[in-house]
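**Q** Each chain is listed here by its residues.
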Amino acid sequence: MKLTAEEKKILNGEEGETKAKIMRTLVEFGELFGAKRLVKVTHDGHLVTSFGIGLLKPVFRTMDEIIKAGLKTEYPFTVDPRPIDYKNVKCGLLDKLIFSKIMYSKQKLYEEQLKKIGLRDEKSFTCTNYLPEVGNTPKYGDVLSWAESSAVVFANSVLGARCNRNSGMIDIFGAIIGKVPEFGLLTDEGRKASFVIEIKTSKLPEAQILGSAIGLKVMEAVPYIKGLDKFLGKKLNDDVIAYLKDMGAASASNGAVGLYHVENLTPEAKKLKKDLILENAQTYVIDDAELERVYKSYPVMWKNKEAKPSLCFIGCPHLTYSQLISWTNKLSNALVEAGRKKVKIRTIMTTSPNVEEKFKQADEYKKLMKMGVKISNICPLMYTNNPIAGGKPIITNSNKLRTYSKSRYFKDDEIVKIIAGGNA
Amino acid sequence: MKEVVKKIKTNFKGRVINEGEGEFECVVSRQGVNTLATFQKSALKNAKKVIGSDQNNPDVFGKNLTGVALILPQTIGSTTGGLVIQTICQMGIAPAAMLFSEEIDSLAASGVLLAKIWENSKLIAIDKIGKEILENAKTGDRVKISKDGKITLLPKNLEAKE
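If you read the protein sequences in the order shown, they are chains A and B. In terms of the numbering used here, the first sequence is numbered consecutively and its last residue is 424. In terms of the numbering used here, the second sequence is numbered consecutively and its last residue is 162.
Quick caveat, the hints were computed from the structure, so don't treat them as lab data. Because the structure is a prediction, the values reported are computed rather than measured. It is possible that part of the hints are untrue.
Residues on chain A that point at chain B, a partial pick, calculated with CB under 10 Å [to be verified]:
#: 1; residue: K21
#: 2; residue: T25
#: 3; residue: F33
#: 4; residue: K57
#: 5; residue: G141
#: 6; residue: V143
#: 7; residue: A147
#: 8; residue: E148
#: 9; residue: N164
#: 10; residue: R165
#: 11; residue: F183
#: 12; residue: M219
#: 13; residue: A252
#: 14; residue: S253
#: 15; residue: P299
#: 16; residue: T403
Take a look, some chain A residues computed to stay more than 10 Å from chain B by CB distance [to be verified]:
#: 17; residue: S105
#: 18; residue: L109
#: 19; residue: K139
Stretch by stretch, here's where chain B covers chain A in the computed footprint (C-beta under 8 Å, at least three residues) [to be verified]:
#: 20; stretch: 168-177
#: 21; stretch: 347-361
Cβ atoms here follow ideal geometry from the backbone N, Cα and C, with glycine treated the same way.
With the hints as extra help, turn the sequences into a complete structure.
**A** Structure representation (structure tokens):
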């Protein structure tokens, strides 16, 4: 990799040993992928590591080293959701003991470390940092040093920013140096599609299953999706953004998708059209039968497969404002149909602190509270990491949560009936 | 149907990312290994060995992954992946080697580099070995790795029936 004089100085340790190690990691990382140079980061950061899990000793030690060296990120950053919210996600004594004393025992210390190196503010804990309410929204062409697979895939695909699927720590390193190696999704060539996905379903596919099917098939390749604009239209309105957020998160967690293009809809597909498709691209046809096959392939991981669900998480990734409104109305109708006033199963809807603030001004907020639903800003995945809490029969509409926990996945229409106490 | 007996290919070579040598038992995953889903359960338990916990990957689910040569196409899943690899290396419960049939993915690459530069880890990593290693290696076979990226399979049986 060709480095500038300034970059070489850092690598040679002239600005300290820690900064040299950070630079070495970025340079070796880039060289593995044939990067020719480092390029400037042009927007705020987003980190994936928001949790003070005691066993992540390398993280706390490295953060200490960074702080002692007096290093900070060039721009402020947001970070994934916190793991605990006892007020809205109530836990038993044993659960609390495991969360606070064993699992996330370093949470306070870690949050202090984050503040010292450049955390934006107290409300910065969300995986949907790119939503306008949160405000860490890159523009077309911005170069990012982000991690969090669902945020990276959204920024690349829906906003047209440029970011590789960085790991935790690499996100911090790029944000501190203010540069990232130029390869993969940062290059025009790396953003071309080697898969064409043809949607031939009879109705709009469930976002979470479509994303899962794509991820499982293409792994880390870039897919160009045809036929989805027939259902979603050609404009990125709030509902479409929410759909693409959920589809992308599923494709990134069930596979390793960092960028997708949707014909006539996402910015690069609109601009470059079929020029984005590589000559020898493979084709994957998704019809109703294929979606059903993927859905049926998900194993049920509960000890007692017939158990009655005791908890439901909706909102992984965090819900948008329009999703909170729409879930409230869907649930309200389902409760009327089931002849109930409150949900039958304890239900937590997760969203960012900023979106929650906005939602609290809407009439639907009171309506949702009356139905007995709680709103929280936590990461459900981190909640289910607790072997006792996560071992309970939890249901979710999130394919990402299903992948990383024992939670059982249901489609949106099924889950709304289950929590309302009707027949699924 | 007539049984076809195929000779197993045993010699491979890839690009060395983190050099090392030795002979190890191998675990073969024919699909991408989801790092977080596979390693998190054992890491969270502070276990002395990693037992693969990814429900979606029968090739690694329930298998010991500590000290083995893990043969895989690439890693997939959450961007905590690199950190997870760094952590299991720091805990001393990582595989001895990760042998990638494809080009290493960005998350695994981060993990291998974080482990090497920040933990002085000896995790051997070789990529671009080619798809054939996934077709010829079987979980439970032994594999010999050389510093120059040469990989020799030492299967119990040199012939495979199709």
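**Q** A separate judgement is required for each hint: does it hold in the structure or not?
**A** These are the hints, each one checked on the structure:
1. A cut of 10 Å between beta carbons decides the hint on A/K21: the least distance to chain B is about 6 Å, and the hint holds.
2. Restraint check, A/T25 versus chain B: the minimum CB separation of about 5 Å is within 10 Å; hint holds.
3. With a cut of 10 Å, the hint placing A/F33 at the interface with chain B holds, because the nearest CB-to-CB distance is about 7 Å.
4. A distance limit of 10 Å between C-beta atoms decides the matter here; for A/K57 the minimum to chain B is near 6 Å, and the interface restraint holds.
5. The restraint placing A/G141 at the interface with chain B is violated, with a minimum CB-CB distance near 20 Å, outside the 10 Å limit.
6. At a threshold of 10 Å, the smallest CB-CB gap from A/V143 to chain B is about 15 Å, leaving the interface hint violated.
7. The interface hint given for A/A147 is met, as the beta carbon of that residue sits about 4 Å from the closest beta carbon of chain B, less than 10 Å.
8. Restraint check, A/E148 versus chain B: the minimum CB separation of about 6 Å is within 10 Å; hint holds.
9. Residue-level restraint check for A/N164 holds (minimum Cβ-Cβ distance to chain B is 5 Å; threshold 10 Å).
10. Here the hint on A/R165 is kept, as its CB sits about 5 Å from the closest CB of chain B, short of 10 Å.
11. For A/F183, the shortest C-beta to C-beta distance to chain B is roughly 9 Å, which falls under 10 Å, so the interface hint holds.
12. This hint holds: A/M219 has a C-beta 5 Å from the nearest C-beta of chain B, less than the 10 Å allowed.
13. Checking A/A252 against chain B: minimum C-beta separation of about 8 Å stays under 10 Å; hint holds.
14. Using the Cβ-Cβ criterion of 10 Å, the hint placing A/S253 at the interface with chain B is satisfied: the shortest such distance is roughly 6 Å.
15. Hint status for A/P299 relative to chain B: holds, with the closest Cβ pair at about 5 Å, below 10 Å.
16. The restraint placing A/T403 at the interface with chain B holds, with a minimum CB-CB distance near 6 Å, inside the 10 Å limit.
17. At roughly 12 Å, the least C-beta separation between A/S105 and chain B is larger than 10 Å, which holds for a residue marked as non-interface.
18. No Cβ of chain B approaches the Cβ of A/L109 within 10 Å, the least distance being about 17 Å, so the stated non-interface status holds.
19. The beta carbon of A/K139 is kept farther than 10 Å from every beta carbon of chain B, the shortest such distance being approximately 22 Å.
20. Counting residues of the stretch 168-177 of chain A whose beta-carbon sits less than 8 Å from any beta-carbon of chain B gives 4, enough to reach three: the coverage restraint holds.
21. With a threshold of 8 Å between beta carbons, the proposed coverage of the stretch 347-361 of chain A by chain B is violated, since 0 of its residues qualify and at least three are required.
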